[in-house]
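Enquirer: Single-letter residue listing:
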Amino acid sequence: MPDKPKIAFYWCASCGGCEESIVDLAEDILEVAQAVDIVFWPVALDFKRKDVEAMPDGSILATMVNGSIRTSEQEEMAYLLRRKSQILIAYGSCAHMGGVPSLANQFSREQILRYVYEEAPTVVNEQKVRPQPRHQYDGTALTLPEFRGLARSLDQVVEVDYYLPGCPPTPKLLKQAVLALLSGELPPKGTVLAPDVALCDQCPRKETKPADLQIHEFKRPHWTQIDPEKCFLAQGVVCMGPATRSGCEAQCIQGNMPCTGCFGPTSRVRDQGAKILSALASPISAREPEEIEKILGGIPDPVGTFYRYSLAKSLLRAKVTR
Amino acid sequence: MEDKPITDKLVTSADWEPLIVAFFCNWCTYTAADLAGVSRMGYDHNVRVIRVMCSGRVDPQFVLDAFAHGADGVLIGGCHPGDCHYVEGNYKTLRRYHLLKRVLRDLGIEEGRLRLEWIAASEGEKVAKTINEMVEQVRALGPLRLTRRFKEWDAELASFEAEARSEEVATHA
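Just so you know, the protein sequences line up as chains A and B, in that order.
Heads up: the first sequence at position 261 corresponds to 261 in the working numbering, and the numbers run straight through without jumps.
Heads up: the second sequence at position 82 corresponds to 1082 in the working numbering, and the numbers run straight through without jumps.
Think of the hints as simulated: they come from the structure by calculation, not from any bench.
There's no promise every hint is true.
Label pairs and their in silico Cβ distance ranges [as the list claims (entries may be wrong)]:
#	chain 1	residue 1	chain 2	residue 2	range
1	A	Asn256	B	Val1087	34 to 44 Å
2	A	Thr224	B	Arg1040	55 to 65 Å
3	B	Val1087	A	Pro228	31 to 41 Å
4	B	Phe1150	A	Leu182	35 to 45 Å
5	B	His1080	A	Leu186	47 to 57 Å
6	A	Glu249	B	Glu1017	26 to 36 Å
7	B	Asp1015	A	Glu159	52 to 62 Å
8	B	Glu1017	A	Val124	49 to 59 Å
Facing chain A, a subset of chain B residues (Cβ under 10 Å, in silico) [to be verified]:
#	residue
9	Val1049
10	Met1053
11	Val1063
12	Leu1064
13	Asp1065
14	Glu1088
15	Leu1094
16	Arg1096
17	Tyr1097
18	Asp1106
19	Leu1114
20	Lys1129
21	Asn1132
22	Ala1140
23	Leu1146
In silico DMTMM-like cross-links for lysine to aspartate or glutamate, where the CA-CA straight-line distance does not exceed 25 Å [claimed, not checked]:
#	chain 1	residue 1	chain 2	residue 2
24	A	Lys319	B	Asp1083
25	A	Lys294	B	Glu1117
26	A	Lys319	B	Glu1111
27	A	Lys206	A	Asp161
28	A	Lys294	B	Glu1156
29	B	Lys1126	A	Glu110
30	A	Lys50	A	Glu27
31	B	Lys1151	A	Glu290
32	A	Lys319	B	Glu1156
33	B	Lys1151	A	Glu110
34	A	Lys209	B	Glu1111
35	A	Lys294	B	Glu1088
36	B	Lys1101	A	Glu291
37	A	Lys294	B	Glu1017
38	A	Lys294	B	Asp1059
39	A	Lys294	B	Glu1111
40	B	Lys1151	A	Glu159
Idealized CB from N, CA, C, for every residue including glycine.
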């Protein structure tokens, strides 16, 4: 019997949600497992890094890496898996665009370490001990990975062939991607494996978006009684739909929550935050600077809102003076 | 929007000169800049003017891209309120400008690096004055040098790549 195609999964700076989404294939995972050999998947299978190192280069058909790249170890693994795989897929928002972990790019490495190890209210660390990359203990050298200055998307570290967007990607998109891999009918390199239209196009509330949208006030979702039928923007609730790729089947919208942008922008857009900024600011009803400022005050954290999943891949990449 | 720095020489050389990218509306500020030219008004040469059909055409991406490619400042020139050739374009610019300024501030880019000015076709002098003021202001702020900063940020990666290569050489030796 000829060898089945080999598939690997790996996680970097991530929350584990992407791993969950693979398990969310439910019974379909059996079908996948029948068609392929999963040769590496630390969260579920007991293969180690040395097993990957022992594989010939290019012997894995496809590897799906989730999480952003924050440490030297994650970089090393990205390089290793790149070398061993014919196709490397950035799986989920963090690998795709830096994700939530890249919001930390608003702070310096020192600010982050000081807060986490010294200043956080739940931390007791009188001697101000910080993790060290190298330490001698009892005559043994102990090492830890380096914490890098920035969180990065996977393609800011190694070459990436495809992207599966989402926080996390839907099992449906994953299944489609696996089937495409097996059939060999793959789109051009660099493609994001989801429809290339804005979420508004698939939104069940599309009909209720006024052609002459006017925003008089921005309301925060948790302080607002949201009409479950009406376009969020028409209600003054920030919705990332206009600047976000579809493919999620509007799950958040159906749960009566606005889109937060996890699928990233469509292929024509280079900076998702700049695009939603345009979409939200242009229809504000005011014309005087003071009035405009007052309405904009309803968005307390524009960077955290507009770049929630994409700061690493934004045009500026980070706070430029950290 | 090509992925080339506007001019790396300017942002890396020791005798740094501010580089301002200006987006001027075809119907007013660009005509005013023409007027300043024909009237032989002198102004600082640090500005690179890009003509757009309306200040409302200035996508916030253009501004971020200009900074990311080495601009130290961005100037947008549009028609006075009420005078827009397309009726509403300049109001949309104004609203985006206010929000973009907040985003830029939160991302560490000083307020003085982005300016929006209403300049009518007859106001050649205002073009010269605005440019001179902005060049002075940006000169005082100093270089932004994002192209250089990006390289510095990624130096931590390059060292790892070199390490991997030397390891490979060692195993193949």
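Enquirer: Taking the hints in turn, state whether each one holds.
Expert: Hint check:
About 36 Å separates the C-beta atoms of Asn256/A and Val1087/B, a value consistent with the hinted range of 34 to 44 Å. Range check, Thr224/A to Arg1040/B: about 58 Å between beta-carbon atoms, so the 55 to 65 Å window is met. In this structure, Val1087/B and Pro228/A meet the distance hint of 31 to 41 Å, their C-beta atoms being roughly 35 Å apart. In this structure the hint that Phe1150/B and Leu182/A lie 35 to 45 Å apart at CB holds, the actual value being about 39 Å.
In this structure, His1080/B and Leu186/A meet the distance hint of 47 to 57 Å, their C-beta atoms being roughly 53 Å apart. In this structure, Glu249/A and Glu1017/B break the distance hint of 26 to 36 Å, their C-beta atoms being roughly 52 Å apart. The given range of 52 to 62 Å is broken by Asp1015/B and Glu159/A, whose C-beta atoms sit roughly 38 Å from each other. Distance hint check for Glu1017/B and Val124/A: the Cβ-Cβ separation is about 52 Å, which falls inside the suggested range of 49 to 59 Å.
Interface hint at Val1049/B: violated, since its Cβ lies 21 Å from the closest Cβ of chain A, which is beyond the 10 Å cut-off. For Met1053/B, the interface hint is violated, since its Cβ never comes within 10 Å of a Cβ in chain A; the closest pair sits about 16 Å apart. Residue-level restraint check for Val1063/B holds (minimum Cβ-Cβ distance to chain A is 8 Å; threshold 10 Å). Residue-level restraint check for Leu1064/B holds (minimum Cβ-Cβ distance to chain A is 4 Å; threshold 10 Å).
For Asp1065/B, the interface hint holds, the least distance from its beta-carbon to any beta-carbon of chain A being 6 Å, beneath 10 Å. Taking 10 Å as the C-beta contact cut-off toward chain A, the hint placing Glu1088/B at the interface holds, the least distance being around 9 Å. The restraint placing Leu1094/B at the interface with chain A holds, with a minimum CB-CB distance near 7 Å, inside the 10 Å limit. A cut of 10 Å between beta carbons decides the hint on Arg1096/B: the least distance to chain A is about 4 Å, and the hint holds.
Given the 10 Å rule on beta carbons, the hint for Tyr1097/B holds: about 8 Å separates it from the nearest Cβ of chain A. Taking 10 Å as the C-beta contact cut-off toward chain A, the hint placing Asp1106/B at the interface holds, the least distance being around 5 Å. Because the smallest distance between the Cβ of Leu1114/B and any Cβ of chain A comes to about 13 Å, over 10 Å, the interface hint for this residue is violated. Given the 10 Å rule on beta carbons, the hint for Lys1129/B is violated: about 21 Å separates it from the nearest Cβ of chain A.
This hint is violated: Asn1132/B has a C-beta 24 Å from the nearest C-beta of chain A, more than the 10 Å allowed. Here the hint on Ala1140/B is broken, as its CB sits about 16 Å from the closest CB of chain A, past 10 Å. At its closest, the beta carbon of Leu1146/B sits 6 Å from a beta carbon of chain A; the interface hint therefore holds under the 10 Å criterion. Between Lys319/A and Asp1083/B the alpha-carbon distance is near 36 Å, which puts this suggested pair outside the 25 Å criterion.
Note on Lys294/A and Glu1117/B: the hinted pairing holds, with a Cα-Cα distance of about 21 Å set against a maximum of 25 Å. For a cut-off of 25 Å, the pair hint linking Lys319/A to Glu1111/B stands: about 14 Å separates their Cα positions. At most 25 Å may separate the alpha-carbon atoms for a hinted pair to count; Lys206/A and Asp161/A exceed this at roughly 33 Å. Of the supplied pair hints, the one linking Lys294/A and Glu1156/B is violated, its CA atoms being roughly 42 Å apart against a limit of 25 Å.
Taking the CA atoms of Lys1126/B and Glu110/A, the gap is near 45 Å; set against the 25 Å cutoff, the hint is violated. Between Lys50/A and Glu27/A, the direct Cα distance comes to roughly 31 Å. Violation of the 25 Å bound is thereby established for this hinted pair. The straight-line distance between the Cα atoms of Lys1151/B and Glu290/A is roughly 39 Å, outside the 25 Å bound, and the hint therefore fails. Using a Cα cut-off of 25 Å, the hinted pair Lys319/A and Glu1156/B holds, with the two alpha carbons roughly 17 Å apart.
In summary, the hint linking Lys1151/B to Glu110/A is supported, as the alpha carbons are separated by about 20 Å, within the 25 Å threshold. As the CA atoms of Lys209/A and Glu1111/B are separated by approximately 34 Å, the hinted pair breaks the 25 Å bound. At most 25 Å may separate the alpha-carbon atoms for a hinted pair to count; Lys294/A and Glu1088/B meet this at roughly 20 Å. Straight-line distance between C-alpha atoms of Lys1101/B and Glu291/A comes to about 16 Å, which keeps the hinted pair within the 25 Å bound.
Pair hint Lys294/A plus Glu1017/B does not hold up; C-alpha atoms about 37 Å apart against a cutoff of 25 Å. This hinted pair checks out: Lys294/A and Asp1059/B have alpha carbons roughly 22 Å apart, not beyond 25 Å. Taking the CA atoms of Lys294/A and Glu1111/B, the gap is near 19 Å; set against the 25 Å cutoff, the hint holds. This hinted pair checks out: Lys1151/B and Glu159/A have alpha carbons roughly 18 Å apart, not beyond 25 Å.
Checked against the numbered hints given earlier, this structure breaks hints 6, 7, 9, 10, 19, 20, 21, 22, 24, 27, 28, 29, 30, 31, 34 and 37; the rest are met.
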